[in-house]
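Starting from the given sequences, assemble the full structure and let the hints guide the process.
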Amino acid sequence: MRAALRLFLFRLAAGLVLTVTAGLGWAAPHLVIITSSSEGAYGEASTALRSQLQRTMPWVEIEEQGWEELATQRLEGSRMIVTIGTQAARVVAGLAPRQPVLHTLLPNSAFARLPNTPKTGGAVSAILLDQPAERQIALIRLALPDWKRIALLTGSDSEALNLRLAELARERQLEVREANVTADRDLYPALQRVLAEPAVLIASPDAQVFNSFTVQNVLLTAYRHRSPVVGFSSAYVRAGALLGLYSTPEQIGHQAADTVQKVFSGEALPPARPPRQFEVAVNTNVARSLGIQLDSAERLGNELARREGRP
Amino acid sequence: MIARWGVRARVMVAAVVPMLALAVVLTVFFTSSRLADMDEALTARGTAFARQLAAASEYAVFSGNRDALQQLASAVLAEDDIVGVSIVDRNGETLARSGMLDGQLPPLPTSAVLEPSTMIKGPTLRIIEPIRPNRLELDDGFTAITLGAAVHLGEAPLGSVVLELSLKHLHGKRDEMLWAGAGSVLLVLVGSLLLASHLSRGVSGPIRVVAHTVARIGQGKLGERVPLMGGGSLRTLAEGVNEMAEKLASSHEDLARRIEEATAELRARKEEAETANLAKSRFLAAASHDLRQPMHALGLFITELSQHAHAPQSRRLVQRIAASAEAMENLLDSLLDISKLDAGVLQPSIRPFALQPMLLRIAAEQRSSAEEQGLQLKVRTNDWWVDSDPVLLERIVTNLVSNAIRYTPTGRILIAARKRGKRIHVEVRDSGIGIPPDAQEIIFQEFVQLDNNERARDKGQGLGLGLAIVRKLADLLGHGLGLRSTPGRGSVFTVDMPMAPPPAPTQEEDNGRAPGDLQDICIALLDDDPLACAGMEGLLSSWGCEVIPASTADDLLAMLADSRRPDMLISDFRLHGPLNGVDVVHAVRKQLGEQLPAILISGDTGADTQALAQEASVPLLHKPVRPARLRALINRLHNPV
Chain A
3 MRAALRLFLF
13 RLAAGLVLTV
23 TAGLGWAAPH
33 LVIITSSSEG
43 AYGEASTALR
53 SQLQRTMPWV
63 EIEEQGWEEL
73 ATQRLEGSRM
83 IVTIGTQAAR
93 VVAGLAPRQP
103 VLHTLLPNSA
113 FARLPNTPKT
123 GGAVSAILLD
133 QPAERQIALI
143 RLALPDWKRI
153 ALLTGSDSEA
163 LNLRLAELAR
173 ERQLEVREAN
183 VTADRDLYPA
193 LQRVLAEPAV
203 LIASPDAQVF
213 NSFTVQNVLL
223 TAYRHRSPVV
233 GFSSAYVRAG
243 ALLGLYSTPE
253 QIGHQAADTV
263 QKVFSGEALP
273 PARPPRQFEV
283 AVNTNVARSL
293 GIQLDSAERL
303 GNELARREGR
313 P
Chain B
291 MIARWGVRAR
301 VMVAAVVPML
311 ALAVVLTVFF
321 TSSRLADMDE
331 ALTARGTAFA
341 RQLAAASEYA
351 VFSGNRDALQ
361 QLASAVLAED
371 DIVGVSIVDR
381 NGETLARSGM
391 LDGQLPPLPT
401 SAVLEPSTMI
411 KGPTLRIIEP
421 IRPNRLELDD
431 GFTAITLGAA
441 VHLGEAPLGS
451 VVLELSLKHL
461 HGKRDEMLWA
471 GAGSVLLVLV
481 GSLLLASHLS
491 RGVSGPIRVV
501 AHTVARIGQG
511 KLGERVPLMG
521 GGSLRTLAEG
531 VNEMAEKLAS
541 SHEDLARRIE
551 EATAELRARK
561 EEAETANLAK
571 SRFLAAASHD
581 LRQPMHALGL
591 FITELSQHAH
601 APQSRRLVQR
611 IAASAEAMEN
621 LLDSLLDISK
631 LDAGVLQPSI
641 RPFALQPMLL
651 RIAAEQRSSA
661 EEQGLQLKVR
671 TNDWWVDSDP
681 VLLERIVTNL
691 VSNAIRYTPT
701 GRILIAARKR
711 GKRIHVEVRD
721 SGIGIPPDAQ
731 EIIFQEFVQL
741 DNNERARDKG
751 QGLGLGLAIV
761 RKLADLLGHG
771 LGLRSTPGRG
781 SVFTVDMPMA
791 PPPAPTQEED
801 NGRAPGDLQD
811 ICIALLDDDP
821 LACAGMEGLL
831 SSWGCEVIPA
841 STADDLLAML
851 ADSRRPDMLI
861 SDFRLHGPLN
871 GVDVVHAVRK
881 QLGEQLPAIL
891 ISGDTGADTQ
901 ALAQEASVPL
911 LHKPVRPARL
921 RALINRLHNP
931 V
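Protein chains in written order, with the numbering used here: chain A, 3 to 313; chain B, 291 to 931.
These are computed hints drawn from the structure, not numbers from a lab. Glycine included, every Cβ here is placed at the ideal spot set by N, Cα and C. Treat the hints with care, since some could be wrong.
Claimed, not checked - Between beta-carbon pairs, the in silico distance windows are:
| no. | chain 1 | residue 1 | chain 2 | residue 2 | range |
| --- | --- | --- | --- | --- | --- |
| 1 | A | Leu165 | B | Met390 | 48 to 56 Å |
| 2 | B | Ala365 | A | Gln194 | 47 to 55 Å |
| 3 | A | Glu63 | B | Glu427 | 35 to 43 Å |
| 4 | B | Glu427 | A | Glu65 | 29 to 37 Å |
| 5 | B | Leu404 | A | Lys150 | 39 to 47 Å |
| 6 | B | Leu404 | A | Gln75 | 26 to 34 Å |
This is the structure we're talking about:
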């Protein structure tokens, strides 16, 4: 009851402040969302973000802009900026606004390549696409307890992740087979090498190695070597990966809304972090073909979340 | 050139050319379109094979599985038309090869091709298809999100498939189709030629029928008609030709009829003219006969009268009467001559004779009348002989001389014979009034007299028949007749005749009796006209002859039976009763002997009379008989050479 009263009072105060600031010329919106595109994953993330903010912070004005027509003037007066997608992140980073900026829906490799923020710029953070190495290793241990060997293909964008993965795997008593891929012709020999004995191949979000052109041959090769593949999207699972570990745009949108809320409530911008929520997908056909017994995707996801300390 | 073509050729061309053009166009169009289709189909098939092979060999190329690639290549080679398969990787290294690649084509690319390509050279179609990795939509956001990153691994083609197809089969098909096309064009050509020939026969047939009919009409068969067939222009043509033929026939008939009419009229005119001529001749003959009888008697009486003694007054009268009678006789002679010449009964007897005596005799005869007019008449001649009829030639020259005397008022007249090569020219030259050039032809026509006609006729000098007789006689004898004249200066008439060699000199005839002595010659005389008979008897008696006169043949024969045998018989030709003079001569000769000389006298100048006398070889004298001539004839017959 007191909480409700406090919320009412807070809202009233905020309304007064808003009226005053409006009267003083603070007519600019509080939040600007810059999207790479209004469709697909970007649209889903944006919708999730706005719906949650409108529900929790209805007084916050939200303006959404495409990255193509973006100008510094449009960002004047806003309290915070959220970008969705690599393209939007790159444009906004180039402008170096004074407001705090939260980048979402971009891989770690892209975030790392953004231009450095000058000293005058505001705080910058991100919600990355990449699943944490711990989570991946945990999923493998959970779903495939009998498999003691993992295979990694490392390109230029996946060195750090694979390093972390290898480290964690070794901690968990898993054998690690690694190979570097720098050119087209290296892919098949690298696969041959790491899959000489059946191993769990972890696909990394490194477009240099795993992309739509190579993934079929990678999956075929892995299958021929009786090796399961862990992908990082539901499409991987549909294409023939045994397991998928990924976060949906909606989940990332919700996480971004939470962050915005915290910033608006006066907290500092947290550092860049992986997605909090995730999904697990299972291809039962592949499992059957490889003769692997698997729990359902839901149970695996719940169990993994539980082990990470969340309900 | 086309302008000289016939109907048939035109129809043939009109029928064949469009059909042939259509056949060629259709054949070329369909053959080329079919060939293009086949070409396209082969290329499409080859491309499909190449794509399938590229798709199928993707993983094998990715994994470098040469055995699998070799199997794939061999499998593809089993397909029709495929002669060579090669699968090369992105570096141009051959991973698998099956069959034979055409060496004439350029070498295979050494790097992976990005786009499919086809190439045709010679009998080979080469298709190169890149082997692309199968793209799988990952839908993870990473791919799109990492825009601007380096080129994705594996996006480049893995290699390429080279497929070679043989075009021999296609070319064989093409040749087959071309031959089939050419054959069909040929068939169409032959067919259209046959059809056109058939059609053109249908078109040109009627026209040829018309042409043949026209040709036959042209040859004069005006009864020919074109059978009416077909319609339109053909029918109009046929009708037109028929109409033309009818008009031609009718005009032809019309013309023929007119010619017939003209000919008939001409014939009628000719007959009329002939009838008129005959009538004229008959009239002349009758007139001369009827005139002759009294003239004959008159002449005989005058001669007898003149032989009696008279007072000078009476003698001059008798002389005048004699002259008048002679002039009248001359006129009658002229009429007689011209009628004889017109009748064509005069037969010239051409023989050689001496010209000189004749010319001298004529001059002697004419001299008296010339001197009466104060003219000088001279003869210049030589001892030449000519080929002519002496009687007729004498008549010609006499006429010319009397003509000259008549038209020469003063001066002289020359009768001259001149030698011109082998011919003799007898000239009658006068110094008379002359003849103008425009009249030099008409003076030879009958009854034409220059000068004052009235005056000339009044003088009793003639009828204008003299020169007409001269011309007709000269023509009859075949002698040339010439005239040179200048008005006021005189005229020269020339008669041109062949010269004859003189005969060997003969014995001068001499039978003891002086020429012209008729004393005591007994002459039997038969004439049914009592007046003429009396005149003749008187004349003969005055010459000293003994005359046995009779008026009928029977009387004569009866009298001859009991009298002195006559030396000669003189009979009129036309007698009362069934017999004529010739019959009487035959009868008397039968009684007294065939050698009895006989003379026929006739007032009839008809051709029959003449012919009968000639047939019986009896000399015929026409009435009025000139006493001198009769006397000469009696003398000649009584004293034959």
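Here is how each hint holds up against the structure:
A C-beta distance of roughly 53 Å is found between leucine 165 of chain A and methionine 390 of chain B, which places it inside the suggested range of 48 to 56 Å. Our hint of 47 to 55 Å for alanine 365 of chain B and glutamine 194 of chain A is violated, since their Cβ atoms are close to 26 Å apart. A hinted range of 35 to 43 Å holds for the C-beta pair glutamate 63 of chain A and glutamate 427 of chain B, which are about 37 Å apart. The hint said 29 to 37 Å for the Cβ distance between glutamate 427 of chain B and glutamate 65 of chain A, and at roughly 32 Å that hint holds.
At about 44 Å, the CB distance of leucine 404 of chain B to lysine 150 of chain A agrees with the hint of 39 to 47 Å. Checked against the hint of 26 to 34 Å, the C-beta distance between leucine 404 of chain B and glutamine 75 of chain A comes to roughly 44 Å, which is inconsistent with it.
When the structure is compared with the earlier hints, violations turn up for hints 2, 6 and for no others.
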